[in-house]
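With the hints as your guide, set chain B onto chain A.
If you're matching them up, the sequences are chains A and B in order.
Take the first sequence: its letters are residues 998 to 1122, numbered as in this note's numbering.
Take the second sequence: its letters are residues 50 to 712, numbered as in this note's numbering.
A hint or two may mislead.
[Stated by the list, open to error] Derived CB-CB ranges, DEER-like:
#1 B/GLY110 / A/LYS1000: 24 to 30 Å
#2 A/ASN1032 / B/ASN70: 33 to 39 Å
#3 A/MET1120 / B/ARG116: 45 to 51 Å
#4 B/ALA335 / A/ASN1068: 50 to 56 Å
#5 A/ALA1081 / B/HIS312: 46 to 52 Å
#6 A/MET1120 / B/TYR161: 48 to 54 Å
#7 A/ASN1068 / B/ARG168: 49 to 55 Å
#8 B/GLY110 / A/LYS1022: 16 to 22 Å
#9 A/LYS1022 / B/MET238: 36 to 42 Å
#10 B/ILE60 / A/LYS1000: 56 to 62 Å
#11 B/LYS165 / A/PHE1092: 47 to 53 Å
#12 B/ALA56 / A/PHE1092: 45 to 51 Å
[To be verified] Residues of chain B placed beyond 12 Å of chain A at every Cβ, according to the derived structure:
#13 TRP319
#14 GLU490
#15 ASP513
#16 GLN599
Derived from the structure by calculation, the hints contain no laboratory data.
The beta carbon of each residue, even a glycine, is placed where N, CA and C say it ideally should be.
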Amino acid sequence: MNKRKILLAEDDEMLGSLLTYWLEKEGYDVALKSNGQEVKKYLEIEMPDTIISDIMMPYLSGIELVDFVRNDLKSNLPILLISAASNDENILNAFELGANDFLSKPISPPELLVRVARVMNQMTV
Amino acid sequence: MTVLFTALGGIYFLLVFFFRNSISFNRNRLSRKRKELAPIINNFLFHNENATVEEQKDYIGLKISIRDSLKKPVFRKILSEILLDLQKDVGGETKKRLHHLYLELDLHVDAYKKLKSWRWQIVSQGILELTQMQVDDSYGFIKKFINDKRGIIRKQAELAIVSLRTEGIDYFLDTTRYAISEWQQLKLMEVLRHREHFRPPYFKSWLISRNHDVVLFALRLIKYYNQSDAAVAIIELVKHKDERIRAEAITCIKEFCLINALHLLKSIFWKSNIATKIEILDTISALGTEFDVNFLQKVKHKEASFLVRNKAIAAINAILPNTILPVHNLLDTTKLQEKPTAKDDHIDIAREIYDIGLKSIEVTFDEIKEIPEDHQKNDTNLPIGLTEAKLEKPSILFEIDNGTDFKNQSTKGAKDLGAKDMDFQNIYFEMGLTEKAKFIETFAHISSEEDIPTLEHIIEHEEDAELKFQVFKILKELRSETLAENHTDKETSISETQIDPEHSIFHALMMYASDIDAKHILIKEMGEVGDEKEIPLLDGLLLNNNKTIQKLAAKSKNQILQRASQAKPMVIDDENTDRTDFRPITIDTVTQQKPALDEKQFTSQVSLEQTHSDHTEDGTTTVLLPLELCFLYGELGVRSQKQEHPFLEIDFELADEFYKNQS
Chain A
998 MNKRKILLAE DDEMLGSLLT YWLEKEGYDV ALKSNGQEVK KYLEIEMPDT IISDIMMPYL
1058 SGIELVDFVR NDLKSNLPIL LISAASNDEN ILNAFELGAN DFLSKPISPP ELLVRVARVM
1118 NQMTV
Chain B
50 MTVLFTALGG IYFLLVFFFR NSISFNRNRL SRKRKELAPI INNFLFHNEN ATVEEQKDYI
110 GLKISIRDSL KKPVFRKILS EILLDLQKDV GGETKKRLHH LYLELDLHVD AYKKLKSWRW
170 QIVSQGILEL TQMQVDDSYG FIKKFINDKR GIIRKQAELA IVSLRTEGID YFLDTTRYAI
230 SEWQQLKLME VLRHREHFRP PYFKSWLISR NHDVVLFALR LIKYYNQSDA AVAIIELVKH
290 KDERIRAEAI TCIKEFCLIN ALHLLKSIFW KSNIATKIEI LDTISALGTE FDVNFLQKVK
350 HKEASFLVRN KAIAAINAIL PNTILPVHNL LDTTKLQEKP TAKDDHIDIA REIYDIGLKS
410 IEVTFDEIKE IPEDHQKNDT NLPIGLTEAK LEKPSILFEI DNGTDFKNQS TKGAKDLGAK
470 DMDFQNIYFE MGLTEKAKFI ETFAHISSEE DIPTLEHIIE HEEDAELKFQ VFKILKELRS
530 ETLAENHTDK ETSISETQID PEHSIFHALM MYASDIDAKH ILIKEMGEVG DEKEIPLLDG
590 LLLNNNKTIQ KLAAKSKNQI LQRASQAKPM VIDDENTDRT DFRPITIDTV TQQKPALDEK
650 QFTSQVSLEQ THSDHTEDGT TTVLLPLELC FLYGELGVRS QKQEHPFLEI DFELADEFYK
710 NQS
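The following block holds chain B by itself, in its conformation from the complex:
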């Protein structure tokens, strides 16, 4: 056994020695041949027909000698290798000359022979040589390998035909039946990129191919060559069953800014995988408008994947910057806030005024002086205005110094109106007319749904019709906003689940509205002629940064809802209805409290409203009564007698004008 293993070891070392030497010998021989052939090749490459006679003689001598050498296959092989190596290192005109020399020496014939080999590596090598040396005539031979079952040959052939002729890419995309790997696609694109004077065909023709990889590759080429004429086909491909194609089509949509595809993207969103969903959200964030925010909000709430939710949030912020801000793990700044000192109270007060939106009130020194003395004496209850004494001593203006703001004091619900709220209401009713007007103007900016009871209280007790009307307008807006919030947040309303903003005929018009005025007109028109289909769109507009648009949207939405409620009257169950829900003011709610107008006037209103009344089960009459009319009629002394009087058609704008003139 020892002898056997020693013998085997010896044979092994001998074989290693033999092969090592053989490789080394071949390398040295090649090196020597290279050195020998280098000047010959240089002469061939840079031979000039205008050269001197001596140079011409040398050239002819070289040609004769090399022709003899070319009869030896080994020499041909070495020469081929040298030329193939060299063509990688040189460019420009030298490379072209090299290709020409390769053909001139008939070395391409050897490459053709390789194509007939049964061994895949030889065939592949033959294709590679012909491609590298740009043998144009080999195109016809190589294209037969496009659908070869041997993968390496097929891939080499694909690169070859794309590289050799311009129409190669057309032939390849037309005929290939096999998958095209991602790497192969990159290599093919690289070949196309380096082709000189390449005019890309219209790749949209291959978007209808049955080979999914061809479609995918065509999409990538369309994107690369910016062939936006394929827009329609690209949008159609968003519906493709293959996720890869769908994802690629979405990236094309983003690339070409095909905003009309957004609706389709949203419709396929819920059936897509996470990668595609992220791609869709990415596209919406790039192309979307405020009308798409509703959809993104829905994704944010309903989507299970954290990645997708995050992307939706990013998209919302991309469309409407700073809409969603960090809320978790933040320090409680109210605790960190330093208590104001007596020294800088006046600064804090000014800042507080600014914060709560009272900056619109211009309090001049003269006005301060005009404040009645009895107000100045009452330190804690001074409503508006700062005396010099107040600047020195805190505890003014709704007890700001006590750490409670005006809003919190004044906006508790009617059910739990506390002592402070009552104080506030007392303060209000102690104000002069001008102060009240300023107060209401400010209140319009800062009020929230919690202020509704306070506003109702003011309406009840305010004697001045103009102020009452102003307060009523605020109340009405608050109610419409509350209703809008309920539509978006609480119930699964029609607007969210069944109707998209795009269903509104105004959607497209809004998208292409050139300026803000056009948008205003459109929103007003929605209120005039729109129906429930416009509500999701208006909901979207309620989130708009522009306050005018928000207000107009709220107004229009209210108009639509009013129309809808008139068509199908709402029955309100007071016990079961949340206070924050929208409910129209009824004669019950008004008459149960102290009416601002006398009972006779109300009776006349009720007679007008009979057609819009509804009877509940317990027999009480629930009558819809627009309060504007109460105020208007009360102020004007007008009493409508006939039921057929079209009071709903009264233009309330006239009332505004009237009050302006009066003031």
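Isolated chain A (complex conformation):
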């Protein structure tokens, strides 16, 4: 059985590593990218099942990533955003552009797993 692919865009190595550890432990295939350029390059080659992205990222913010995926790639793959600053305007903007879910830091890894599973199931249905 093929593992489901998750693209994790997180510039903090430690947090990225921790989330990767959790997601892999849960059975996902995780591609960790630390900036927007890497994310774009990855998306041009391969399409994951879900994207988990930090809003505050170098070169390409999480909101720009949503815009890129929805408008440039014309894809409706589930996108889950995470951010330390729960700025209402940012969140609303992200949802308007087509983000599927939002999670604010500090992140509880079990909660992240539940949310990832949920957005994936929604897309499957």
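Below, chain B alone, put in the same frame as chain A:
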């Protein structure tokens, strides 16, 4: 010089290059270390004792390798930084494991060492690390810094002890001797808010602290945790010399709806600054009742600050909605009003009737027919009732079509009774008994003090005793209202300057009166047993929306004033007295005009009144004579002979009944 400056420039660029590279190198090294340590930390964090044998072996190997690395201070520093960064981004169980790992690796020992540093920033960093990693044992070390003279360390220590243990807030409030800034208070409250299973202590214990900031902070915490058991202490703090505490106590009063503090708030109002005054008015507007309107009116008139005055007006409107309406810069609607056309005269007439309060008069078609023919012929003087012809042709009912209303026509002063007023009086005396009765009933609703001369004229000339009595009642009410207005507006009376409504024993009873009937009874009782202390309260009630309460209040006030005047008779100087002022009807004023009763009857009344007479300097006798008695005695034919007859105790209600039966 050129060589020197070139050399200095070179050195400068070299230094910039060196430091830039150094920072970049350190960052890269940290990044590399992070990448190296990330899987190790993950392994440590999520190690499960029930893991497979291979996993257990890996875990033990990692432990051995990291133990060697931990001997190097640089490694320890990097590891501490990584864990501190990570704990900000993760929550729940992961965060707890992270704290546990920090202790397990003995990284907290480095933080303890930092506490001993002489440099404030190092000490502060040590406190921060221990707080973030929730090292409970560090509480004892950190609390020593609560009264440190170095502000940053002190503030960090405050946050630490509040964060580390539940009793931290108690210790902090007990021992701190320094000011607590507003920002620090917010941060402390934020820490308390995020504490799990936090049971707040009773903060009222710190309302007696000598540290004003502790009192202030305690008040805010009381408000935040809704500790209304501190009500008494909060009310006391309204008297505090510190304006900040006073203002905070007032907000608590508003928050906890401590209505018994309103009196105190009013008493400190004039000694407070503008911010506190606004706070007080805000509280009164939220908790006040109609009894507080007098005070607000006083503020509105006397306060110099525009902001405070505005707030007082807002408070009045909050308590009694629409009491004060816009009056300035309004268009003159009388000029804008279109003149009625012949076509819709009947509509205008009906509207006018409604406006002036004649809607209570039910004019039926049959009644219209009953109007004598001679009335119908006289177009301009038809008093009441509308003929069919009138509906077609305007100029009926007190010349409404001429743009003057009934009230203006009928209510000029006696001094300047014009031709129209005389016409009106002629109209009145041409009416039948039923029409007159209806007219008087309507007049009771719309009359004002300007109508007093007209009413006096009717009393003089009306032959029917019942109607005369009804008119007298209206006159009496008008006089009492006039007196009430004089008390509130004109002179600085006792009721406003010296006695507050709260001084009345009925004040509290009125506040807690459960229904309108109870209030009615209380107001009547005030009239029966009250004295001058009740007058401000009754003045307040005169502004009540409920008309029955207004009437009862006016009646009770009149009773009290009558009692007071009997105790100390009033000497009226007719020349100097304003017509609008209240003055009792005297035998002079009645006898100078045409008496309704014959002189013999009046003489008998005068004999009764001798004990209540007063002699003025010019020798004329001013005798107080209740007109009700004139009418009653005249109608009944009763003549009292003895002075000791307690006529003042006569129940006038009986007279009402008598007249009802008679009609």
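We went through each hint and held it up to the structure:
| no. | hint | in the structure |
| --- | --- | --- |
| 1 | B/GLY110 / A/LYS1000: 24 to 30 Å | holds (28 Å) |
| 2 | A/ASN1032 / B/ASN70: 33 to 39 Å | violated (22 Å) |
| 3 | A/MET1120 / B/ARG116: 45 to 51 Å | holds (46 Å) |
| 4 | B/ALA335 / A/ASN1068: 50 to 56 Å | holds (52 Å) |
| 5 | A/ALA1081 / B/HIS312: 46 to 52 Å | holds (51 Å) |
| 6 | A/MET1120 / B/TYR161: 48 to 54 Å | holds (51 Å) |
| 7 | A/ASN1068 / B/ARG168: 49 to 55 Å | holds (53 Å) |
| 8 | B/GLY110 / A/LYS1022: 16 to 22 Å | holds (20 Å) |
| 9 | A/LYS1022 / B/MET238: 36 to 42 Å | holds (38 Å) |
| 10 | B/ILE60 / A/LYS1000: 56 to 62 Å | holds (58 Å) |
| 11 | B/LYS165 / A/PHE1092: 47 to 53 Å | holds (51 Å) |
| 12 | B/ALA56 / A/PHE1092: 45 to 51 Å | violated (60 Å) |
| 13 | TRP319 | holds (45 Å) |
| 14 | GLU490 | holds (64 Å) |
| 15 | ASP513 | holds (78 Å) |
| 16 | GLN599 | holds (52 Å) |
When each numbered hint is compared with the structure, violations occur for hints 2, 12.
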